[in-house]
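Undergrad: Using the sequences and the hints given, assemble the complete structure.
Protein chains: 4
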Amino acid sequence: MSSAVQTAVVGVTGYAGAELARLLLNHPRLKGAPPVFAGRVDSKDEARGGIPLAEIHPQLAGSHTAGLKLESFSWELLASRGVQVLFLATPHEQSRQWVPEALDRGMRVIDLSGAWRLADGANRAIYNFDDEGTELADAIQSQAVYGLPELHREQIADARLVANPGCYATSIILALKPLIATGLVDLDHGIVADSKSGVSGAGKAPTAKTHFMYAADNLSAYGAFTHRHTGELLEQIALDKSQIVFTPHLLPIPRGILSTIYVRFNTEQTTENIAKIYRDFYAASPMVRLYNRTLPQIQFSVHTSYADIGFQLAPDSRRAVIVSCLDNLLKGASSQAVQNLNVMQGWGEAEGLQ
Amino acid sequence: MSSAVQTAVVGVTGYAGAELARLLLNHPRLKGAPPVFAGRVDSKDEARGGIPLAEIHPQLAGSHTAGLKLESFSWELLASRGVQVLFLATPHEQSRQWVPEALDRGMRVIDLSGAWRLADGANRAIYNFDDEGTELADAIQSQAVYGLPELHREQIADARLVANPGCYATSIILALKPLIATGLVDLDHGIVADSKSGVSGAGKAPTAKTHFMYAADNLSAYGAFTHRHTGELLEQIALDKSQIVFTPHLLPIPRGILSTIYVRFNTEQTTENIAKIYRDFYAASPMVRLYNRTLPQIQFSVHTSYADIGFQLAPDSRRAVIVSCLDNLLKGASSQAVQNLNVMQGWGEAEGLQ
Amino acid sequence: MSSAVQTAVVGVTGYAGAELARLLLNHPRLKGAPPVFAGRVDSKDEARGGIPLAEIHPQLAGSHTAGLKLESFSWELLASRGVQVLFLATPHEQSRQWVPEALDRGMRVIDLSGAWRLADGANRAIYNFDDEGTELADAIQSQAVYGLPELHREQIADARLVANPGCYATSIILALKPLIATGLVDLDHGIVADSKSGVSGAGKAPTAKTHFMYAADNLSAYGAFTHRHTGELLEQIALDKSQIVFTPHLLPIPRGILSTIYVRFNTEQTTENIAKIYRDFYAASPMVRLYNRTLPQIQFSVHTSYADIGFQLAPDSRRAVIVSCLDNLLKGASSQAVQNLNVMQGWGEAEGLQ
Amino acid sequence: MSSAVQTAVVGVTGYAGAELARLLLNHPRLKGAPPVFAGRVDSKDEARGGIPLAEIHPQLAGSHTAGLKLESFSWELLASRGVQVLFLATPHEQSRQWVPEALDRGMRVIDLSGAWRLADGANRAIYNFDDEGTELADAIQSQAVYGLPELHREQIADARLVANPGCYATSIILALKPLIATGLVDLDHGIVADSKSGVSGAGKAPTAKTHFMYAADNLSAYGAFTHRHTGELLEQIALDKSQIVFTPHLLPIPRGILSTIYVRFNTEQTTENIAKIYRDFYAASPMVRLYNRTLPQIQFSVHTSYADIGFQLAPDSRRAVIVSCLDNLLKGASSQAVQNLNVMQGWGEAEGLQ
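Quick note, the sequences are listed as chains A, B, C and D, same order.
Heads up, the first sequence is in the numbering used here, so the first residue is 119 and it goes up one at a time.
Heads up, the second sequence is in the numbering used here, so the first residue is 119 and it goes up one at a time.
Heads up, the third sequence is in the numbering used here, so the first residue is 119 and it goes up one at a time.
Heads up, the fourth sequence is in the numbering used here, so the first residue is 119 and it goes up one at a time.
If you are wondering where the hints come from, they were derived from the structure by calculation, not from laboratory data.
All values derive from a computational prediction rather than experimental measurement.
Hints are not guaranteed to be accurate.
[Stated by the list, open to error] Below 30 Å or equal to it, Euclidean Cα-Cα: the simulated DSS-like pairs (lysine-lysine) are: (1) B:K295 <-> B:K394; (2) B:K359 <-> A:K394; (3) A:K322 <-> C:K327; (4) C:K187 <-> B:K394; (5) D:K295 <-> C:K359; (6) B:K187 <-> C:K394; (7) D:K187 <-> A:K394; (8) B:K394 <-> B:K359; (9) D:K394 <-> C:K359; (10) A:K359 <-> B:K394; (11) B:K327 <-> D:K322; (12) C:K359 <-> D:K359; (13) A:K187 <-> D:K394; (14) B:K149 <-> B:K187; (15) A:K394 <-> A:K359; (16) B:K327 <-> D:K359; (17) B:K327 <-> D:K394; (18) D:K359 <-> D:K295; (19) A:K327 <-> C:K322; (20) A:K187 <-> C:K295; (21) A:K394 <-> A:K295; (22) B:K322 <-> D:K322; (23) B:K149 <-> A:K359; (24) C:K327 <-> A:K327; (25) A:K327 <-> C:K394; (26) C:K322 <-> A:K322; (27) C:K394 <-> D:K359; (28) B:K149 <-> C:K149; (29) B:K322 <-> A:K295; (30) C:K327 <-> C:K359; (31) D:K359 <-> C:K295.
TA: Written as structure tokens, this is what we have:
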């Protein structure tokens, strides 16, 4: 079991970056080893170093962050600090460019973008990466492990590159995987995943859709049949496109995702049976909380690092509604990244996350 | 074509009551004929007459409402004022008790409760009415017309008792009826209706679930497989229980419903084909707005009397997501009631509603 | 008394523009005479004509707006339509440039910007107008009437240029003027006006401060001692800068302003005395609602065209807290503009506003 | 310096109780010594023991809280567990009754209610305590220390009874005390404290005012001149009633307080001078964060244990606006209680709070 490790966070200025900084600064294994914080190279403001972290994220101000600054990114910076694990909270394209060099320099990488999540080129097409199909990109992709510890704990432990999952994808995959793995679900009938996310999922850039007047007192569906998290669902649950419909919605709240998922079973089921399948599947997963009798709600998941899952069986015993909740900035992004760090370092999976 | 008519609203103290009062007071056909406003008999506060309307609903204060008061309900009151059309914004049980007498006294009734919406006793069972199965109740029920003008315009015109639809039911029925009426939908495959409603739908009584701290920054599913609006869906769209799953959710907004509805078609469809079916079905329906190219959002439907409908066809041409929005207090309750009044009186269906 | 009049709205694409369009389209005196709608010249999107009004503001769609389009602004357009009254919902600078020509062409102008509200050059300095101090600008300014009908009804009736007040200024001036006009307030002691506004007051442009994540679940003060509405307070209430402190705050709601105002009296007062002063002052003002016993709240003012005012006297009879509420898009902008139109045309002041 | 200590929380079912439980369960000095959790005696639900903590507050569920239950309160329970420090998150009256016995049994008490905050009977009158004026109550009161460590650190260290301050009072006292202590403020001129609080401050009981439909999209003032936190201001800042006006408002957000405070100085001041006064006063206070150049906002204070203070000087150098923010459930209640625990135990004042 390894001891303290030097981390760095690139792209700390976003919403997930703030939460990642907070978690790492409070992590019991990293006391006394604060991350190196660096800005995004494509952002003039962020590239210039020297801004106090507490000025970027005033909520993080305090004696424990005094003196911490955003530094100007360079490979030399990371090398001079002996960075061992690099968190990239950067745009997809930037992650595509940087990961090869980071690996080459011997760092392990936890990438929070969508750059390396998809093994199948057809699914990746939606990102339209510049380096798609190059030998280097293929070689990197083949090393990438999908960073959902509940499914890939062992590969993550040894991974050099962990592709941290999408927030919607996490909420849907964790809800469906146990039932599909046991073969109960009628896949030909098809699955509906109706997801609702808070506005932080849309990023920090001011746009017409992140304007308060657009999002507040509103609900809107978007990206039906086309959202790019769909590829993660297909690959991680082994589905075909005809077997699932996924529709995201923009909720008038800052953070939190709730997915309502509709399945039909091949045979009649009991509540007890389904509950046991979930319990067994997640017996060794401290960051999944299973609900009995009631359904999860966003209010109990936000500001926690858990994914919450519950379900209700239809009176006909052949259909179920599954509800899954998480905080898109935590289990949907930064606490998932820390959970991956814990697994990679051989630490307790829940350390620093409760 | 009839001229001004004397109306009364019983149960004006609730959220839908306030909107109904506002609409009737501004209705061009009712200028100079303000409704009689009466309280609910089961409420001590409301039963006592004399409270100014502007004290109950301060937003309605103004020179046009000066002098209007909540009156103590009695049949004599209604008779002495020559009430011809009675709006009941009362609890289900109260509507069950009062409608027989109101009809007996020659009034036409528009009932906003769930008391008389369901023709099938099996569907009504969830309400557990005291008078279920009595001869009188059956006779009244047989006269009731489901108050969705887009489906039952002609019967409403002649009806003595109009059962104003549920808010969720309106949003789902209007979205599905055109497609199902034309036989395109694969009913054996099943339909999913995932609905989200603002908090006003839960009523004015302070409860744990209407507490700001419960509803705000939250989303919760409730009543999966059991919500009592389900019966309206089955009866109005001619579905069997196995053919639809309906899950309501509580949105952290004051008003508005968005339903996301998932269907599979028997054969491949085109966007143009589906669009034409909706256009044809609602050609004579001024209170339905059809969206092309984009999907409706709650922000554009609230504070209007419209139901907004749009859809997106899957790339495989066999599935579609339909999105339907309305204001639960207006098209989901009080403007629907006024629309029914317009139809009953032979006035323009949209009068007073734009 | 004049009959229907041809109006035009330039800058209809903003939040206040949408409300102004709605009010004018429903105004009983303007039935059959829809306004000419034109875009802002400085905006590529808006300058290009032909976009349906219902596409810009989907909430306005309906049979009554079918066919209405945004037109490309030109003086010829306005002339060819015989525009008599021009509403400018344009940026300050654009209003400075256009008003001279509009007046020259014989139109009466109601300008919703801050361009012509301030008579004193020192107060105007904060706007830094290009044409400041020119002979033309001075001549125009001398004709401008501050468009608060409750204070300047008679001048507005005859005005060719009405400068529609700022939203904060309206809420504070209406609350203070009656007390100050009667000489009760100890001006040397100073007045505090602590105002809170919904986000629509910050305009439609997406910025860091209008991002949902910034505004939601938040409250922030800004512009203490420097907000440009201060000049309106000084001029309309005849105060010196040392006599008032005004601090605006950004509320996490779409619309509505509440101002909490603190005054000290020269002598002891009674609640009855103060209430009578307000009643007398606003006896002929249909768009001001006075509260007794309770204080106004934003929830009862939004979506109405009223300013609501109430107060509470201190136990020592020498101090009072005055609370004033209005909808910043209505009484703070567009319904105030329509109220000015009513006064200018000699119509009932409340027509189309209840 | 003492080591781990056995704590108990009575009244853990409320909003502040949930946060207090979370803080104590994560406190580094209390690892392995979870508090005893007990319900309120006057609540049937809570008095019955055995409910898992994770059922009462689902957000707290996790392996670290497995097995923790709400227990039925009794003095024997506390004695059998060796409780040394008792947190009371109970109604005022219950705290009045229980504190004498708790002290008698040798426990130190941190009381979060208003029961023991006020030394002056005239200020306490608003609570109308049953035991007012009894010898016992006077004796207890004389031992009580007002639990604001920034003002009374040394007395708290030795206190047996700490009266945790009110949330509004904390936000105002911390902002004003440094300036008043140095004699800069013109007290005869009077101070205005305009405070705005999220809904959690109104408690968990469902009432008309905590209904989502009342609080959402709204702002309302209440309790001007009469709010019971006023006494705390008078006693802690040594003011007379004529010297301050305090008006609380209900904000449409779950948590957070922002107070905007208006003062006049006896002589001209500089920004640097005022800033230095604050820096000096809070040099040894880790839970106060001072803002330069910008003003605090609620968004950066909520979910932290800090009080944030900033100010802006008027151009005339004689007046200032001071803005103070905190989380009413943390620095306004439970983290303040833990901060007091830290001081009482001689631990680092910020331990477990960053």
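Undergrad: Hint by hint, say whether it matches the structure.
TA: Comparing the hints with the structure gives:
For the given pair, K295 of chain B sits about 14 Å from K394 of chain B by alpha-carbon distance, which is consistent with the 30 Å threshold. At most 30 Å may separate the alpha-carbon atoms for a hinted pair to count; K359 of chain B and K394 of chain A meet this at roughly 27 Å. Taken as a hint, the K322 of chain A and K327 of chain C pair is honoured in the structure, with Cα atoms around 11 Å apart against an allowance of 30 Å. Restraint check for K187 of chain C and K394 of chain B: the C-alpha separation of about 24 Å stays at or below 30 Å, so the hint holds.
With a C-alpha separation of about 27 Å, the suggested pair K295 of chain D and K359 of chain C falls inside the 30 Å cut-off, and the hint holds. For the hint linking K187 of chain B to K394 of chain C, the alpha-carbon distance of about 24 Å falls within 30 Å, and the restraint holds. Distance hint between K187 of chain D and K394 of chain A is fulfilled; the C-alpha atoms sit about 24 Å from each other, no more than 30 Å. Taking the CA atoms of K394 of chain B and K359 of chain B, the gap is near 29 Å; set against the 30 Å cutoff, the hint holds.
Annotation: proposed proximity of K394 of chain D to K359 of chain C holds, straight-line Cα distance about 27 Å (limit 30 Å). A distance of roughly 27 Å separates the Cα atoms of K359 of chain A and K394 of chain B; the hinted pair therefore holds under the 30 Å criterion. Under the criterion of a C-alpha separation no larger than 30 Å, the hint pairing K327 of chain B with K322 of chain D is consistent with the structure, at around 11 Å. Between K359 of chain C and K359 of chain D, the direct Cα distance comes to roughly 27 Å. Compliance with the 30 Å bound is thereby established for this hinted pair.
A distance of roughly 24 Å separates the Cα atoms of K187 of chain A and K394 of chain D; the hinted pair therefore holds under the 30 Å criterion. Note on K149 of chain B and K187 of chain B: the hinted pairing holds, with a Cα-Cα distance of about 17 Å set against a maximum of 30 Å. Taken as a hint, the K394 of chain A and K359 of chain A pair is honoured in the structure, with Cα atoms around 29 Å apart against an allowance of 30 Å. For the suggested pair K327 of chain B and K359 of chain D, the alpha carbons sit about 40 Å apart, so the restraint of at most 30 Å is broken.
Between the alpha carbons of K327 of chain B and K394 of chain D the distance comes to roughly 48 Å, so the proposed pair goes past 30 Å and is violated. Restraint check for K359 of chain D and K295 of chain D: the C-alpha separation of about 16 Å stays at or below 30 Å, so the hint holds. The hinted pair formed by K327 of chain A and K322 of chain C meets the criterion: a straight-line CA distance of about 11 Å does not exceed 30 Å. Restraint check: the Cα-Cα separation between K187 of chain A and K295 of chain C comes to about 51 Å, which exceeds 30 Å; the hinted pair is violated.
At most 30 Å may separate the alpha-carbon atoms for a hinted pair to count; K394 of chain A and K295 of chain A meet this at roughly 14 Å. Proximity of K322 of chain B to K322 of chain D is assessed by CA-CA distance (about 17 Å); at most 30 Å being required, the pair is judged to hold. For the given pair, K149 of chain B sits about 58 Å from K359 of chain A by alpha-carbon distance, which is inconsistent with the 30 Å threshold. For the hint linking K327 of chain C to K327 of chain A, the alpha-carbon distance of about 14 Å falls within 30 Å, and the restraint holds.
A distance of roughly 48 Å separates the Cα atoms of K327 of chain A and K394 of chain C; the hinted pair therefore is violated under the 30 Å criterion. A hinted pair counts as satisfied when its Cα atoms are at most 30 Å apart, and K322 of chain C with K322 of chain A qualifies at roughly 17 Å. Note on K394 of chain C and K359 of chain D: the hinted pairing holds, with a Cα-Cα distance of about 27 Å set against a maximum of 30 Å. Our distance criterion of 30 Å between C-alpha atoms is met by K149 of chain B and K149 of chain C, whose separation comes to about 17 Å.
Annotation: proposed proximity of K322 of chain B to K295 of chain A is violated, straight-line Cα distance about 41 Å (limit 30 Å). In summary, the hint linking K327 of chain C to K359 of chain C is supported, as the alpha carbons are separated by about 28 Å, within the 30 Å threshold. Only pairs whose Cα atoms come within 30 Å are accepted, and K359 of chain D paired with K295 of chain C is accepted, the gap being roughly 27 Å.
Of the numbered hints given earlier, the model fails hints 16, 17, 20, 23, 25, 29; all others are met.
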